[in-house]
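Peer 1: Just so you know, the protein sequences line up as chains A and B, in that order.
By the count of this note's numbering, the first sequence reaches residue 373 at its end, each step adding exactly one.
By the count of this note's numbering, the second sequence reaches residue 153 at its end, each step adding exactly one.
Bear in mind the hints are in silico, worked out from the structure with no lab data behind them.
Where a beta carbon is used, it is the ideal one built from N, C-alpha and C, also for glycine.
Honestly, I wouldn't trust all of these hints.
If the Cβ cut is set under 8 Å, some of the chain B residues that face chain A in the computed set are [stated by the list, open to error]:
#	residue
1	I7
2	E8
3	S10
4	V15
5	F150
Quick look at which bits of chain A chain B covers, simulated, 3 or more residues with Cβ under 8 Å [what the hints assert, rightly or not]:
#	region
6	168-176
7	305-315
Straight-line distance between alpha carbons at most 30 Å, and here's what the computed DSS-like set of lysine-lysine pairs gives [unchecked claim]:
#	chain 1	residue 1	chain 2	residue 2
8	B	K101	B	K58
9	B	K42	A	K312
10	B	K58	A	K312
11	B	K101	B	K42
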Amino acid sequence: MEHVLRRIGAETLRWLQGLGRATMMWAMAVARLPRWSDVSLIVRQVYNIGVLSVVIIVLSGFAIGAVIALQFYTQLARFGAEDAVGVGLALVLLRELGPVVTALLFAGRAGSAITAEIGLMKTTEQLSIMEMMGVDPLRRIVAPRLWGGFISMPLLTVLFNTVAIYGGVVVGIHWLGADPGGFWSGMQNTVELWQDLGKGMVKAVVFGLVVTWIAVFQGYDCEPTAEGMGLATTRTVVMSSVLVLAMDFFLTLLMYGDFR
Amino acid sequence: MRMRTIEISVGAFVLAGVLAAIFLIVQVSGINVSRSEETYKLTARFDDVAGLRVRSKVSMAGVTIGRVQGIVVDTEFGEAIVTLEIDGAPGSLTIDTGAKILTEGILGARYIGLVPGADEEMLGDGDEIVETQGAIVLENLIGQFLSNFGKG
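One chain only, chain B, in its complex shape (with noise of 0.2 Å):
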């Protein structure tokens, strides 16, 4: 009897236990169960950085479409080098798609944004996109400003 009684309370703490990690796991650190597990990759070369993190996000018109898988830096021309990866199969996106390194809000993080081309072909899982635009860094910002300021 006390045994069962035991073994009940057990059995309760364990489910409650578990039900607790089905809540973090799907509410708290909401991994999406239905995501589509295929993503191909495109790469793109940037000026400038800064601020862009492995994980960030890689959106158009403010949909989340990827995220940042990689970024390493190639010294021979001082450029960035960003590895998209870009939920579903590849084909949606045109061949002059522009990014563009954006920011959320004034102090929020930095992400990718694409900007929809017109040509008839599309990026191939691996291709570059060409067309960039790095980040926008205050220290040029205002010294640019206060170089013009100056000569004016």
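The shape of chain A in the complex, shown without the other chains (with noise of 0.2 Å):
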């Protein structure tokens, strides 16, 4: 009993410094505003993380758009209502696939990368060495790659929901045969600016929040082995994975849900 209690506290106390770490890591990154001696730095984030998902953003976004198409064409024909493929496709897209496999893709592709490279700059012990040298890593390492994720995410969810847009109508107008003007009309009388677009791209701005600063606090905390920098990097990809299909449920409660 006595054991059963201490092992559930040492890993409460355990999870909680964890927390704190992540949170003063975080915190202290950001409040290192970039000077424009960083832009640079910045700038070579946003290639790292952002530039190169692109090609892995496209061609996922490309195949989901289209196999939306395929399902929803498939179904809806069978009540005479293809034209209501283009509404369907746009709000599951907006709404909620956009954003969520956007950032799944993110934390594989992205993720697990930043976690990496910082894992390995501590197992190396060049973090301790920058320190030593009067190099503050915390605004050299830690908050670049903060922003880069930040800026890079929503980019990547607006370029996955325009191919997949465009992959639904190769599939659903082109291939299928759905007519074009009840396909966009329909699209543009039912998705609005702020419901659908704002708070699909509010999500995609939390999860390229949540899921960058998972990814380089577990690289900064792994311990400095070839093991842990092992560990480190699956628990990234791990951890966004959940944390962003559990946050992407309340989010949507929050935003969409009709309760007051």
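Dock the two chains into a complex; use the hints.
Peer 2: Pasting the structure below:
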């Protein structure tokens, strides 16, 4: 009994300490607002995190848009409502799938890379050397990655949504032959700027913040061994994926839930 | 040299993102940039607005001319008071304009159809539409049909 209690207590304390360290790291890195000389560091991170993820985002976006259009079309055609393909596609993408799938791919593609990079720097004691040289690793290493992820994620989501809608157009209109007029006008009449696009982008921003935060912290806090690095990288992907899906539910509940 | 390519590709990335955002705003959410900013408000009382929502369409002869801005209930009379936001300046709708709650297709969304009147006077900002016809509720219709059927 005593054993179990002690174990639960120790785990809780360990977890709380981790959360505290993560919050401290994040707050201290963000508090060092970027100076002009840091802009080039951020640009480099936007390249590493954002530009290098574009290919996977575009490919997945196209595939997902195409498959949604295909499924919606075959089901809706039974009711003679093929025109609703556009509406369904746009709402599903803008509200849910766009931000969530982008965040999952982002965690797998960019998050793991960030963790591995910072983890290796820590393992090979580059971070300590920087500190010794009087260079602040929070400013030089952590902050640019946080900003880079924060900038990249919404842009990637927008690209994902656009390409996915294009994929839906290719399958729905060009291949299956839905009426373009009904497709676009149904979409434009139903989709609302803030309600659908805006709230979807709020999700994207939150996910971008959380995924980069987890990725940077796991690297910064990893055990400085080869094994610790591997564990940290795995943890980044698992934690971000689970957290993104869980947060998506609560964000949807908060923003769309019709309760007071 | 290396930094140059990075900066160029980041620039292209940001530009692509902005263009995609413009595409989503204009083509997907279909905001009408040229839509007149000027609107005025009318109110209408209905005995039943079942299915009507805020931002439902207000149309005349099938053309959208405004949106439902608010729906509140008047518990004293058991009626719903609907606020309509009509595009343009007041002075185009006669004072005996009628308002009906209609349905698009069989399963479509509810909207308000305005029926033009013949009076000389025009509705101004904040005026009330008197001639109204509420939503047809299927259950009531079936109920009426059954009770008539039973009597006959």
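Peer 1: What hint numbers does the structure not satisfy?
Peer 2: 5, 6
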